[in-house]
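S.K.: Whole structure, please, built from the sequences with the hints as guidance.
In order, the protein sequences belong to chains A and B.
206 is the number that the working numbering gives the last residue of the first sequence; the numbers go up by one with no jumps.
210 is the number that the working numbering gives the last residue of the second sequence; the numbers go up by one with no jumps.
Just so you know, these hints were derived from the structure itself, not from any lab.
Every residue, glycine too, gets a C-beta built ideally from N, C-alpha and C.
Please note: incorrect hints may appear among the correct ones.
On the chain B side, residues computed to face chain A include the following (Cβ under 7 Å) [stated by the list, open to error]:
no.	residue
1	I59
2	E78
3	M153
4	L156
5	R162
6	A163
7	R166
8	G200
9	L203
10	S205
11	V210
Pairs of lysine-lysine residues, derived as DSS-like cross-links and limited to a Cα-Cα distance of at most 25 Å, are as follows [what the hints assert, rightly or not]:
no.	chain 1	residue 1	chain 2	residue 2
12	B	K119	B	K97
13	B	K119	A	K198
14	B	K131	B	K186
15	B	K178	B	K97
16	B	K178	A	K198
17	B	K178	B	K119
Below, each chain spelled out in residue letters.
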Amino acid sequence: MVVVSEPLPTALANATLLTAAGAPSTLAEVAGGKTMLVLFVRQFACAGCGEQVAALLPQLPALRVLDVGVVIVGCGTADHARGFDERLGVTDRGVRVFTDPTLTAQRAAGLSRSWAGVYGPRAAFGLLRAMMNGHKNAWSGGDFYQQGGALLLSPTLRVLFYRPQRWLGDLVEIGDITDIVLAARAREKSAALDGAAKDAVAEAPS
Amino acid sequence: MSPAFHVANVLFLLSYLVRDILWLRLLSVLAQLALLVGTLLTPGHPLDAIAWNSLFLIINVVRIYLLILERRPVKLTEHEAHLWELVFRSLTPRELKILLARGAFEKRAAGELVVERGKHPSHVLLLEDGKVEVVMEGRTITELGPGSFVGEMSFLTGDPPRADVRTRGDCHFFAWPKDTLARVLKDSPELRAHVQMAIGQDLVSKLRAV
Chain A
1 MVVVSEPLPT ALANATLLTA AGAPSTLAEV AGGKTMLVLF VRQFACAGCG EQVAALLPQL
61 PALRVLDVGV VIVGCGTADH ARGFDERLGV TDRGVRVFTD PTLTAQRAAG LSRSWAGVYG
121 PRAAFGLLRA MMNGHKNAWS GGDFYQQGGA LLLSPTLRVL FYRPQRWLGD LVEIGDITDI
181 VLAARAREKS AALDGAAKDA VAEAPS
Chain B
1 MSPAFHVANV LFLLSYLVRD ILWLRLLSVL AQLALLVGTL LTPGHPLDAI AWNSLFLIIN
61 VVRIYLLILE RRPVKLTEHE AHLWELVFRS LTPRELKILL ARGAFEKRAA GELVVERGKH
121 PSHVLLLEDG KVEVVMEGRT ITELGPGSFV GEMSFLTGDP PRADVRTRGD CHFFAWPKDT
181 LARVLKDSPE LRAHVQMAIG QDLVSKLRAV
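M.R.: Right, here's the structure in full:
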């Protein structure tokens, strides 16, 4: 179970992801070493996922400045992942795309797989909104009923933010994630100032 | 059929051929006016057609007005242009105007305490001109120059400030009331992304400096 401020569950850290070229690596290998936003998309062809990526793009410069890496994880084949990247051009913006066709990572992340999340009224509204915003929809980009979500991980794989999506079009507000990183950096700065103050006191002639 | 109908349809045809939305709407308005004339010239004046056409006409006129407002050239004042140069180059002049409309330029005298340790500041300040010093335990830890945010740490974390910030010489700031800034950023995801980047850049450079 994913819990904010706890370490990433082992099952999720060890889940194998495939790159668009089909190369395997675990989520821990992909995400470790720097603050990382892991954005799970429902599947690689849904309009809601396109809308979620569109909401991510304006935030990328701020995330880059704050040294936050971004990966997108879907659940189709490596070919689906490649098509998604070609369509949305995310790799060109420094975002890496992975897939887990076995849904192991999605299950370990506690992301739901539901009929209502695709056919319910909120999903219908979400789909309509996404399509009206110009996002194409197709049904063959991965598991049809899988839902997405977002995780923010510290360099030591501690969960800083977790938000599962409940239906198609239930968008994660990426600006909220940037705020969390900004607050963390502000606290780092505060601690650095404390350290500098102690040093100044220690160095002062008595 | 009245010639006005043909004129209307030619205008509609032209409106479909142009790419610019303003021209499309202008041509549509002309076409709708011609259609209205044609309808009025039709025996019996079908009221339902007139009503629908008038509704479309009103919507288009309002949208044209808004488009013209949006496209008016924006002139920045000297101070606004300075802030744009310093911090907000990623914003369009219009976006910058929207952001600055929610705050005010302020001048603070030398030696004035702009942030007090332990006391939540009411404003987020952006230093436009001058220098401030960050003071802890009675000692100056660091100095900040133009383009630095002040009071942003409390804004981001909700924690009270752990240092005093005092002006060194006369300073010019831009000041946003904290709640107002939070509301503006909540209402506009685009502005929020730009401001987050500006504050992020400032924080990272301050971290390096400390």
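S.K.: So, for every hint listed, does it hold in this structure?
M.R.: A quick look at each hint next to the structure:
Hint status for I59/B: violated, given a least beta-carbon distance of 17 Å to chain A, over 7 Å. Using the Cβ-Cβ criterion of 7 Å, the hint placing E78/B at the interface with chain A is not satisfied: the shortest such distance is roughly 27 Å. Look at M153/B: its Cβ gets to within about 4 Å of chain A, closer than 7 Å, so that hint holds up. Below 7 Å, beta-carbon pairs count as interface contacts, and L156/B has one with chain A at about 4 Å; its hint therefore holds.
With a cut of 7 Å, the hint placing R162/B at the interface with chain A holds, because the nearest CB-to-CB distance is about 5 Å. The interface hint given for A163/B holds, since its Cβ lies 6 Å from the closest Cβ of chain A, which is under the 7 Å cut-off. Interface hint at R166/B: violated, since its Cβ lies 14 Å from the closest Cβ of chain A, which is beyond the 7 Å cut-off. For G200/B, the interface hint holds, since its Cβ comes within 7 Å of a Cβ in chain A; the closest pair sits about 4 Å apart.
The criterion of a C-beta within 7 Å of any C-beta in chain A is met by L203/B, whose closest approach is roughly 5 Å, and the hint holds. Using the Cβ-Cβ criterion of 7 Å, the hint placing S205/B at the interface with chain A is not satisfied: the shortest such distance is roughly 10 Å. The beta carbon of V210/B is positioned within 7 Å of a beta carbon in chain A (closest approach about 4 Å), and the interface hint is therefore held. Note on K119/B and K97/B: the hinted pairing is violated, with a Cα-Cα distance of about 30 Å set against a maximum of 25 Å.
Between K119/B and K198/A the alpha-carbon distance is near 21 Å, which keeps this suggested pair within the 25 Å criterion. At roughly 30 Å between alpha-carbon atoms, K131/B and K186/B are farther apart than 25 Å, so this suggested pair is violated. Taken as a hint, the K178/B and K97/B pair is honoured in the structure, with Cα atoms around 18 Å apart against an allowance of 25 Å. Using a Cα cut-off of 25 Å, the hinted pair K178/B and K198/A is violated, with the two alpha carbons roughly 30 Å apart.
Proposed proximity of K178/B and K119/B is supported: the alpha carbons are some 14 Å apart, at most 25 Å.
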